[in-house]
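Each residue of the sequence shown is one higher than the last, beginning at 1 in the UniProt record's numbering.
Simulated from the structure, these hints should not be mistaken for lab results.
There's no promise every hint is true.
To be verified - When the alpha-carbon atoms are kept at most 20 Å apart in a straight line, the in silico SDA-like pairs for lysine to any residue are as follows:
id, residue 1, residue 2
1, K514, T271
2, K478, E468
3, K514, A525
4, K558, D584
5, K67, V285
6, K558, E596
7, K521, S245
8, K87, K417
9, K417, K522
10, K521, P506
11, K478, R501
12, K521, V238
13, K418, K67
14, K627, A590
15, K522, P550
16, K522, Q288
17, K627, L574
18, K558, K478
19, K87, K558
20, K602, A525
21, K418, D469
22, K521, T106
23, K67, E252
24, K627, S582
25, K627, P587
26, K417, A105
27, K417, T106
28, K87, D562
29, K602, A269
30, K87, T106
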Amino acid sequence: MVPSCALITVALASAVGSARLSDAAVAPAVSTPFRARAPRASVLLAARGGAADAPAGTGALPLFEAKMRGAGQSEAAVRAFGAQYAKLLRGESGLIREADIEPVATLPHLSDISADGAADGGGGGGAAGAGADAGAALLGQTVVLKLNGGLGTGMGLLGPKSLLKVREAAGADVRADGGGGGDGGAAGGICFLDLIVRQLGALSAGVAGDGGRASGAGPGAAPRPPRFLLLNSGATAVATREYLSVSHGMREGGGWHELMQSMAPKVDAATLEPATAPAGTSAIVAQQLEWYPPGHGDLYSAMAAVPLAASATSGRGEGGADGGGGHGGNGGHGGHGGNGGNGGNGGDGGVGGGGGSGGGEAGVSALDALIADGYRYMFVSNADNLGATLDVTILAHFAVTGSAFMMEVCERTESDKKGGHLAQPRSKGGDGGGSSGEGGEGSEGGHDGGGGCDGGLLLRESAQCSEEDEASFQNIRKHRYFNTNNLWLHLPSLQAELRARGGLLPLPLILNPKTLDPRDKKSGAVLQLETAMGAAISAFGPAARALCVPRSRFSPVKTCADLLALRSDCYVLLGNGAITISPDRVPAGAPPPVIELDGRYKLVDAFETLVPHGAPSLLACERLSVKGAVAFDAGVVFRGRVEVVNRAVETRRLRAGVYEDTTVEL
């Protein structure tokens with residue numbers, strides 16, 4: 001059966017091993033010894049004869065390595081797990097103190113970036129052209145990668161979250177903006193994956209339409225669109241391949257390429273050995289219980305270790321690209337900014353393991369293969385963030401700055417105060433030369449994102465904040481920016497960094513305490529050692545930067561409340577596959593409405609009973625609250641601040657009409 005966007009949804013059941021890429025917390029660059037958040041490991045280490053913050057040897061690492069190799073995990077994945085396990089033995093918790101960081105005061109904003117990518121209209125010296133062509137000329141050197149490992153179990157889905165219906169089939173709300181690409185004709189409506197394909201189709205159509213100039217191809221060369229990659233998990237790969245093949249005629253290795261997320265063994269919190277399922281557990285269930293996805297920081301290991309599926313190459317081969325501007329020849333921390341013309345040879349030989357591919361693995365890693373094929377830039381984002389389109393102005397800006405890594409951030413609002421924020425390490429021995437961002441927007445080398453702390457940036461999530469620092473953590477005026485998880489990477493720089501560090505980026509540990517069976521809180525306590533890809537901002541030091549972008553580039557769907565807003569007339573679907581706030585929104589420029597749904601609508605199947613005739617009008621709605629069992633009739637319009645309450649047990653209908661600044665008792 002072909003998977004449909006109208007997936008049959010169920011409550012959390014047996015999807016124990018689901019790959020929740022976008023749920024992983026973001027780790028900081030500085031950690032402190034264990035505190036009350038993880039007492040088991042701390043006490044155990046002390047009982048073994050060593051202080052909680054002292055090295056404790058290799059522990060049970062050989063057991064973990066044997067288990068991972070026996071399950072066919074890559075050597076890069078084995079080494080990555082070993083690095084995090086060593087931190088566990090040393091007593092690292094990932095906590096970061098307010099006293100150890102400084103706020104990021106200012107950052108360049110997308111609105112300040114000119115069409116050629118330069119900040120404040122200043123020349124970057126390395127742009128591939130002027131005006132709108134600057135970023136478009138780099139498309140043929142760019143990879144678009146979507147994180148697609150999640151099942152969406154938190155919303156009650158059985159299949160990949162990217163196949164969840166987010167809009168009705170293309171209709172009157174589609175605005176012609178020059179975009180191409182089809183929907184794929186999904187019977188249940190349009191899903192995330194349909195829109196991603198349409199977005200890439202629009203870019204490809206633009207490349208073909210200008211004879212290849214927008215791909216960076218030389219005279220006579222075939223035009224080349226961006227390369228499309230999906231980071232899948234074992235839980236999403238089969239359904240994703242089938243859907244793209246049947247609905248869009250895109251086979252893996254042809255119109256798109258797959259990287260596979262690794263799996264890691266859970267750690268028994270009492271022994272720090274591999275956790276094991278109870279005796280008598282079937283092999284399939286045991287695999288679900290004993291393994292977990294280690295977070296989207298696994299992207300870097302996947303890039304370094306997993307052979308890329310065979311595909312038709314562009315014919316340019318290694319060194320064929322011009323480097324896209326301000327990147328130095330080797331792509332490392334040195335050489336940024338002045339030697340853009342030599343950037344085409346970045347990586348000093350785009351093939352070979354170089355520390356990225358481990359053990360006896362055969363073939364060329366994805367990273368090396370992409371560089372050898374002339375790709376220099378990669379844009380990474382969550383599949384469920386429909387605002388995360390490839391913006392050619394941002395691409396040009398990234399190329400102009402000569403940065404190795406760039407994170408898109410948004411300004412925090414009151415609704416974001418419990419989420420993570422961007423920060424920088426506190427200066428040592430003085431103010432380090434100014435407040436954050438001061439040398440940034442027009443700095444000669446393009447390394448702006450830090451100012452007072454040697455250009456370094458880091459992330460702090462709620463899991464890395466101690467209770468005594470919670471007030472500062474939630475102070476959105478002090479810590480102004482949060483990570484959208486839209487990231488830009490210069491591939492030769494990533495390659496050089498991995499080689500210099502033995503194939504591993506130093507990603508901070510995210511210690512996630514769980515139970516062996518998530519459905520059984522009395523099952524044994526385990527630890528999951530996770531990483532997040534955004535934490536790499538600290539690994540690249542001054543070569544990393546951040547760019548403040550409008551909220552429209554951050555439109556994730558994490559809850560059914562998000563889904564309700566997205567399906568409503570508050571958003572419009574553009575012809576190029578992008579979804580954006582309606583230009584008719586009232587008041588003009590207002591953010592999406594704040595929506596609070598009754599807990600019974602947490603799962604998608606129950607949510608559909610709330611909107612049997614489609615979403616109500618939210619074009620002029622500021623806040624909507626729904627309490628109790630309710631079903632909206634067709635023609636319901638909400639304006640201002642509205643609360644709908646049903647105190648009865650049975651479901652009651654809200655009839656068609658306009659409801660403005662009112663509380664409706666059914």
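Quick rundown of the hints versus the structure:
As the CA atoms of K514 and T271 are separated by approximately 15 Å, the hinted pair is consistent with the 20 Å bound. Of the supplied pair hints, the one linking K478 and E468 holds, its CA atoms being roughly 16 Å apart against a limit of 20 Å. Using a Cα cut-off of 20 Å, the hinted pair K514 and A525 holds, with the two alpha carbons roughly 6 Å apart. Distance check on the hinted pair: K558 and D584 sit about 25 Å apart at the alpha-carbon level, beyond 20 Å; violated.
Proposed proximity of K67 and V285 is supported: the alpha carbons are some 16 Å apart, at most 20 Å. For the given pair, K558 sits about 13 Å from E596 by alpha-carbon distance, which is consistent with the 20 Å threshold. Between K521 and S245 the CA atoms are separated by roughly 40 Å; this puts the pair beyond 20 Å, and the hint is violated. About 29 Å separates the Cα atoms of K87 and K417, which puts this hinted pair outside 20 Å; it is violated.
This hinted pair does not check out: K417 and K522 have alpha carbons roughly 32 Å apart, beyond 20 Å. Restraint check: the Cα-Cα separation between K521 and P506 comes to about 32 Å, which exceeds 20 Å; the hinted pair is violated. Straight-line distance between C-alpha atoms of K478 and R501 comes to about 34 Å, which puts the hinted pair past the 20 Å bound. Restraint check: the Cα-Cα separation between K521 and V238 comes to about 31 Å, which exceeds 20 Å; the hinted pair is violated.
At most 20 Å may separate the alpha-carbon atoms for a hinted pair to count; K418 and K67 exceed this at roughly 37 Å. The hinted pair formed by K627 and A590 fails the criterion: a straight-line CA distance of about 25 Å is larger than 20 Å. For the hint linking K522 to P550, the alpha-carbon distance of about 44 Å lies beyond 20 Å, and the restraint is violated. Of the supplied pair hints, the one linking K522 and Q288 holds, its CA atoms being roughly 17 Å apart against a limit of 20 Å.
For the suggested pair K627 and L574, the alpha carbons sit about 33 Å apart, so the restraint of at most 20 Å is broken. Taking the CA atoms of K558 and K478, the gap is near 26 Å; set against the 20 Å cutoff, the hint is violated. This hinted pair does not check out: K87 and K558 have alpha carbons roughly 31 Å apart, beyond 20 Å. Distance restraint check for K602 and A525: the Cα-Cα separation of roughly 27 Å exceeds the 20 Å cut-off, and the hinted pair is therefore not satisfied.
The straight-line distance between the Cα atoms of K418 and D469 is roughly 12 Å, inside the 20 Å bound, and the hint therefore holds. With a C-alpha separation of about 44 Å, the suggested pair K521 and T106 falls outside the 20 Å cut-off, and the hint is violated. For the hint linking K67 to E252, the alpha-carbon distance of about 29 Å lies beyond 20 Å, and the restraint is violated. Taken as a hint, the K627 and S582 pair is broken in the structure, with Cα atoms around 27 Å apart against an allowance of 20 Å.
Taken as a hint, the K627 and P587 pair is broken in the structure, with Cα atoms around 26 Å apart against an allowance of 20 Å. Pair hint K417 plus A105 holds up; C-alpha atoms about 17 Å apart against a cutoff of 20 Å. Proximity of K417 to T106 is assessed by CA-CA distance (about 18 Å); at most 20 Å being required, the pair is judged to hold. Restraint check for K87 and D562: not satisfied, since their Cα atoms lie roughly 37 Å apart, outside the 20 Å limit.
Between K602 and A269 the CA atoms are separated by roughly 31 Å; this puts the pair beyond 20 Å, and the hint is violated. For the hint pairing K87 with T106, the CA-to-CA distance comes to about 33 Å; that exceeds 20 Å, so the pair is violated.
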